[in-house]
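Student: Join the two chains, each given in its own frame, into one complex according to the hints.
So the protein lines, in turn, are chains Z and U.
Quick note on my numbering: the first sequence kicks off at 2 and runs consecutively.
Quick note on my numbering: the second sequence kicks off at 5 and runs consecutively.
Any given hint might turn out to be false.
[As the list claims (entries may be wrong)] On the chain Z side, residues computed to face chain U include the following (Cβ under 7 Å): (1) Gly43; (2) Leu44; (3) Phe46; (4) Tyr49; (5) Tyr99; (6) Asn102; (7) Pro104; (8) Phe107; (9) Asp109.
Hints were generated in silico from the structure; no laboratory data involved.
Model, not experiment: these values are computed from the prediction.
Every residue, glycine too, gets a C-beta built ideally from N, C-alpha and C.
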Amino acid sequence: GAGVSQSPSNKVTEKGKDVELRCDPISGHTALYWYRQSLGQGLEFLIYFQGNSAPDKSGLPSDRFSAERTGGSVSTLTIQRTQQEDSAVYLCASSRDYYSNQPQHFGDGTRLSIL
Amino acid sequence: AQSVSQHNHHVILSEAASLELGCNYSYGGTVNLFWYVQYPGQHLQLLLKYFSGDPLVKGIKGFEAEFIKSKFSFNLRKPSVQWSDTAEYFCAVNSHNAGNMLTFGGGTRLMVKP
Chain Z
2 GAGVSQSPSN KVTEKGKDVE LRCDPISGHT ALYWYRQSLG QGLEFLIYFQ
52 GNSAPDKSGL PSDRFSAERT GGSVSTLTIQ RTQQEDSAVY LCASSRDYYS
102 NQPQHFGDGT RLSIL
Chain U
5 AQSVSQHNHH VILSEAASLE LGCNYSYGGT VNLFWYVQYP GQHLQLLLKY
55 FSGDPLVKGI KGFEAEFIKS KFSFNLRKPS VQWSDTAEYF CAVNSHNAGN
105 MLTFGGGTRL MVKP
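The following block holds chain U by itself, in its conformation from the complex (with noise of 0.2 Å):
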């Protein structure tokens, strides 16, 4: 079975600093990964994902991803955040090839101070 580990429940920083989250997941086969945001009130919306091919991915408002096989990661990082970025942000995994169901990772709460 496939699980996802966010090691960060909670993450505070001053606006422009730099943001990395960390996402494991645990799969025998191959993964899509995925990272989601939610903004306080609104839905889940996608930020970035992976199938194949370079594993720098490059998402919507400067952020991006990194899959690293070897480590099974798949962190998440933003250069300089901003106070916008408050949310909570999901990592999730699907079996490549095998159907869409995600296993979602816990969740990171990240507050960015104005």
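Chain Z extracted, bound-state conformation (with noise of 0.2 Å):
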């Protein structure tokens, strides 16, 4: 596509339920990032895939957080037995690759509400 394509748009869920959002970055790029932006916080780096690998997985703020990507594409970030405070925006961006400094491009984001 065009751009990248985040899903669902909004997403409001029970506190304790699992949450699984869904990042399509533009195609052939290799790198993608996921970013949380919560109010009064600003945007939190919180992984980067470089194709189907993860190496630092230290910016998730906890073991309830996970992410993965498959042929070198989708990814997705999964939220298990959510809490209040994991409500925010999360982010997702591509680029080329993760070592050349090409620009992000980011998605509009996934706004998640913890009830």
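Tutor: And the structure:
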């Protein structure tokens, strides 16, 4: 597609449920990034993929968060046993690759609300 | 670890006023610098970037930014703002030649009154 596509655009769920957020990067982009935009906390880096590999998972807020990418394309961010503090906009971005300083292109985000 | 500070959280200007948004970063190595903009209801878009060379960088929509290495700053400027510049502006950095992960500042909400 023309840009980074994220789904769903909005998700409302009850505390304790699991959620799965999807990101479809720009075709040909091997690097993919997940960020979280929380009220009052700005944009926080979570994890990146170069191809299917995520070398550094230290940015994930807790072990309830996990991410995977298969086929070098679509990525899913999964949050298990959601908590109210997980409410935020989750942004995905992609770039040509991780090491060439190419600009990141962002999707519209998934607005997650935990009741 | 890298950090980015944007000192102005909210800015209100009248049309035709000049704009300067501050950005300071903390990092011991060589950095790449970016300004992103998020218009209401839209995704983050790249305004301009600095990798090397001329420290005065010109971006889209009449924006420019100046990298002052001695001050660890990368302030965003526009001589005359328009109502359509109402948006949130984010400064970001990453390490030169060490991966593309971005560290963002807290953002500045700009409101331009018509």
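Student: All hints, please: hold or fail.
Tutor: Here is what the structure says about each hint:
The interface hint given for Gly43 (chain Z) holds, since its Cβ lies 4 Å from the closest Cβ of chain U, which is under the 7 Å cut-off. The restraint placing Leu44 (chain Z) at the interface with chain U holds, with a minimum CB-CB distance near 4 Å, inside the 7 Å limit. With a cut of 7 Å, the hint placing Phe46 (chain Z) at the interface with chain U holds, because the nearest CB-to-CB distance is about 6 Å. Taking 7 Å as the C-beta contact cut-off toward chain U, the hint placing Tyr49 (chain Z) at the interface holds, the least distance being around 6 Å.
For the restraint placing Tyr99 (chain Z) at the interface with chain U, the shortest Cβ-Cβ distance is roughly 5 Å, inside the 7 Å limit, so the hint holds. Given hint, Asn102 (chain Z) at the interface with chain U, holds; its Cβ is 6 Å from that chain's nearest Cβ, closer than 7 Å. Given hint, Pro104 (chain Z) at the interface with chain U, holds; its Cβ is 5 Å from that chain's nearest Cβ, closer than 7 Å. Look at Phe107 (chain Z): its Cβ gets to within about 4 Å of chain U, closer than 7 Å, so that hint holds up.
Contact between Asp109 (chain Z) and chain U, as hinted, is supported at the beta carbon level, the nearest pair being about 5 Å apart and thus within 7 Å.
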